[in-house]
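Engineer: The whole structure should be built from the sequences, with the hints applied where relevant.
Below are the chains, spelled out letter by letter.
2 protein chains.
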Amino acid sequence: MTGALPPGSTIGILGSGQLGRMLAVAAAQLGFRVHVYGDAPGPAFDVVAAKTVGAYEDLGKITAFAESVDVVTYEFENVPLGAAAAAAAIKPVRPGPRALEVAQDRLVEKRFLSEIGLPVAPFAGVDSLDDLEDALATIGAPAILKTCRLGYDGKGQARITSAEQPGWALEAIGHAPAVLEGFVAFEYEISVLCVRGLNGTTVIYDVPLNKHQDGILDTSTVPAPISDAVRERACAMATRIAEALDYVGVLAVEMFYAGADQQEPLVINEIAPRVHNSGHWTLDACGISQFENHIRAVAGWPLGSVSRHSNAVMTNLIGVDVQNWAALATEPGACLHIYGKNDPRPGRKMGHVTHLKALTGR
Amino acid sequence: MTGALPPGSTIGILGSGQLGRMLAVAAAQLGFRVHVYGDAPGPAFDVVAAKTVGAYEDLGKITAFAESVDVVTYEFENVPLGAAAAAAAIKPVRPGPRALEVAQDRLVEKRFLSEIGLPVAPFAGVDSLDDLEDALATIGAPAILKTCRLGYDGKGQARITSAEQPGWALEAIGHAPAVLEGFVAFEYEISVLCVRGLNGTTVIYDVPLNKHQDGILDTSTVPAPISDAVRERACAMATRIAEALDYVGVLAVEMFYAGADQQEPLVINEIAPRVHNSGHWTLDACGISQFENHIRAVAGWPLGSVSRHSNAVMTNLIGVDVQNWAALATEPGACLHIYGKNDPRPGRKMGHVTHLKALTGR
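Residue numbers (our numbering), protein chains in the order written: chain A, 4 to 365; chain B, 4 to 365.
Think of the hints as simulated: they come from the structure by calculation, not from any bench. For clarity, every value in this text was computed on a predicted model and none was experimentally measured. Treat the hints with care, since some could be wrong.
For lysine to any residue, the following SDA-like pairs were computed, each having C-alpha atoms within a straight-line distance of at most 20 Å [unchecked claim]:
#1 A/K54 with B/T55
#2 B/K360 with A/A175
#3 B/K344 with A/S71
#4 B/K344 with A/H38
#5 B/K94 with B/G63
#6 A/K54 with B/A53
#7 A/K54 with B/S313
#8 A/K54 with B/K94
#9 B/K360 with A/L362
#10 A/K360 with B/R311
#11 A/K360 with A/T204
#12 B/K54 with A/L8
#13 A/K360 with B/S313
#14 A/K344 with B/G11
#15 A/K94 with A/L8
#16 B/K344 with A/L8
#17 B/K360 with A/R311
Structural biologist: Below, the structure written as structure tokens:
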């Protein structure tokens with residue numbers, strides 16, 4: 004427990020969204036105070052002791068924020084590296100800046116994963132039409148062109164179904180630096196929620212099966228219908244990434260499951276250096292949630308048990324879905340979470356609901 | 004759902020302690036904003052969108068507070084009736100002022116319970132030495148003299164073991180208006196956590212067995228080792244009280260269990276018109292906690308399930324107990340809650356820990 008922050012210490016969180024909100028509540032449960040820094044007021048502002056509104060580029064404000072807290076963490080992977088460095092000059096930033104560097108750029112991320120020997124889809128960097136044509140010649144169509152930076156929930160992507168005249172795809176992503184990814188046939192997506200402590204200990208939640216709709220996570224179900232061997236392989240991959248990054252906190256690793264008949268049944272899609280939507284079920288189905296374990300890790304505490312007392316299906320409430328709250332509130336076994344956002348725009352994550360069921364054997 | 008407050012509404016809470024803190028977090032989970040009013044900053048202030056420090060006698064501030072929220076509830080039964088009335092003139096106050104009136108005065112409470120036909124210990128009001136001697140002549144010793152108002156956690160009480168020269172007991176409680184209670188032989192204490200909705204629906208959590216140390220709750224264990232018949236009788240008593248008070252929210256009823264061989268195995272000790280320490284295990288052992296169900300009730304929502312996915316033992320962390328946080332954080336099945344108070348004074352509730360175990364049959 005050397006270096007563990009005692010209750011009463013202040014956790015600083017960069018980002019004021021719903022992930023920051025749920026992190027803040029978990030921190031409060033352990034007796035921490037929370038200071039959130041966001042570029043605009045957000046859902047986290049309603050549940051914290053202190054808040055700052057400022058640009059992430061305002062390094063003076065970032066420095067003052069870091070001075071007011073005991074450790075800094077973040078709820079999103081696009082924290083500018085300059086902000087992370089300014090904070091790290093004052094107080095520990097966990098997970099460390101290397102995780103941000105890797106996760107902010109798809110090309111850097113793919114190269115990193117390849118270099119440590121993990122399976123990813125065939126990929127190539129694309130900065131021009133020439134690059135794209137070369138990449139398509141190697142990888143073939145169908146393939147997906149994705150911006151290296153700032154894409155999420157299906158944004159910044161173009162699916163290329165024919166290798167002929169692919170220039171439109173560069174248009175579609177605004178000619179940003181990009182990576183072309185070969186198409187991976189898969190049965191479904193899973194994710195691994197790995198928590199690594201300050202002392203290098205790792206624990207991993209049970210693996211959910213994730214389904215998407217319109218490029219946005221729709222449901223996460225535990226347990227996923229995978230064999231013990233596949234689960235172990237998935238966990239070993241996530242652990243390898245966490246160790247290679249000397250990671251502290253929750254690391255989410257999305258993987259495609261290609262089927263039991265494949266020589267390599269798993270291909271890594273992407274990583275997120277933060278708590279993850281596909282782990283929200285841990286709030287209700289586990290004694291200790293991903294949010295609490297992230298806080299424990301960044302505070303230098305021993306990690307908590309990841310054991311699960313119930314099976315669970317987490318369903319996101321996207322846009323106007325949240326207006327169904329009155330009916331959801333009466334569903335048996337439903338645990339309702341609403342993020343306190345005012346405007347239910349299409350595609351906006353407004354809340355989630357987790358349905359608990361008694362444990363069954365796998 | 005007529006009259007239900009939609010997410011985004013503001014819940015007002017009178018009281019800034021740990022109960023207010025856990026209520027505020029539960030409200031936030033449902034998408035509500037929270038405004039806490041306290042006579043001093045307290046643990047709830049760290050997790051809310053808005054806070055006011057003011058005396059409960061400052062009816063101007065209470066009125067302004069009520070105007071800023073959509074419904075008012077409270078975390079302690081000693082809210083001055085004047086404050087409750089001032090708030091009720093502006094917005095609904097739930098539970099209603101009648102519950103406060105009854106719960107604030109032991110004599111009023113005992114008379115109310117007797118009048119609705121529920122078993123309480125023999126009692127008599129005591130305003131003078133003459134009263135006390137008369138009461139002892141009827142009730143006999145041993146007996147307990149308790150102030151009518153403002154006693155809690157064993158304070159404001161004197162145990163009289165002999166009927167002779169009882170004047171010291173009046174001294175001990177500062178000659179405050181009091182009630183003499185006959186001593187009840189009991190095997191253990193249980194409590195019933197009853198939730199009544201705005202539409203009169205009632206749900207009741209499983210009944211915990213409570214153990215005290217130095218007059219302060221030490222542990223609550225579910226399930227309590229009582230028969231189904233006793234459990235049903237306990238729940239029926241709590242429901243009767245809630246209905247008689249036209250109650251909205253969580254009502255806690257503490258009862259003595261005198262043993263299976265008694266004609267009347269249960270005697271009501273006292274009621275608390277609020278969420279209760281003996282219900283803290285619901286945070287970790289149920290999909291929906293007492294705090295969420297209280298918020299649902301006062302917001303006019305349908306009540307949530309009270310079903311329990313795990314057995315549980317809740318242990319209070321009193322005073323310096325909380326300094327054991329590092330060891331508690333590693334105990335298997337332990338869910339740790341620390342209230343964010345600075346000074347671990349003897350007798351002060353600093354946090355609690357709930358140990359979960361897999362469900363077993365009763």
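Engineer: Confirm or reject each hint.
Structural biologist: Going through the hints against the structure:
1. A threshold of 20 Å between alpha carbons decides the hint, and for A/K54 with B/T55 the separation of about 17 Å falls inside it, so the pair holds.
2. With a C-alpha separation of about 54 Å, the suggested pair B/K360 and A/A175 falls outside the 20 Å cut-off, and the hint is violated.
3. Taking the CA atoms of B/K344 and A/S71, the gap is about 19 Å. The hint holds against a cut of 20 Å.
4. Distance hint between B/K344 and A/H38 is fulfilled; the C-alpha atoms sit about 17 Å from each other, no more than 20 Å.
5. For the hint linking B/K94 to B/G63, the alpha-carbon distance of about 14 Å falls within 20 Å, and the restraint holds.
6. A threshold of 20 Å between alpha carbons decides the hint, and for A/K54 with B/A53 the separation of about 12 Å falls inside it, so the pair holds.
7. Distance hint between A/K54 and B/S313 is unfulfilled; the C-alpha atoms sit about 37 Å from each other, more than 20 Å.
8. Proximity of A/K54 to B/K94 is assessed by CA-CA distance (about 29 Å); at most 20 Å being required, the pair is judged violated.
9. In summary, the hint linking B/K360 to A/L362 is supported, as the alpha carbons are separated by about 13 Å, within the 20 Å threshold.
10. About 11 Å separates the Cα atoms of A/K360 and B/R311, which keeps this hinted pair within 20 Å; it holds.
11. Annotation: proposed proximity of A/K360 to A/T204 is violated, straight-line Cα distance about 30 Å (limit 20 Å).
12. Restraint check: the Cα-Cα separation between B/K54 and A/L8 comes to about 27 Å, which exceeds 20 Å; the hinted pair is violated.
13. For the hint linking A/K360 to B/S313, the alpha-carbon distance of about 12 Å falls within 20 Å, and the restraint holds.
14. At most 20 Å may separate the alpha-carbon atoms for a hinted pair to count; A/K344 and B/G11 meet this at roughly 8 Å.
15. For the hint linking A/K94 to A/L8, the alpha-carbon distance of about 12 Å falls within 20 Å, and the restraint holds.
16. Restraint check for B/K344 and A/L8: satisfied, since their Cα atoms lie roughly 15 Å apart, inside the 20 Å limit.
17. A hinted pair counts as satisfied when its Cα atoms are at most 20 Å apart, and B/K360 with A/R311 qualifies at roughly 11 Å.
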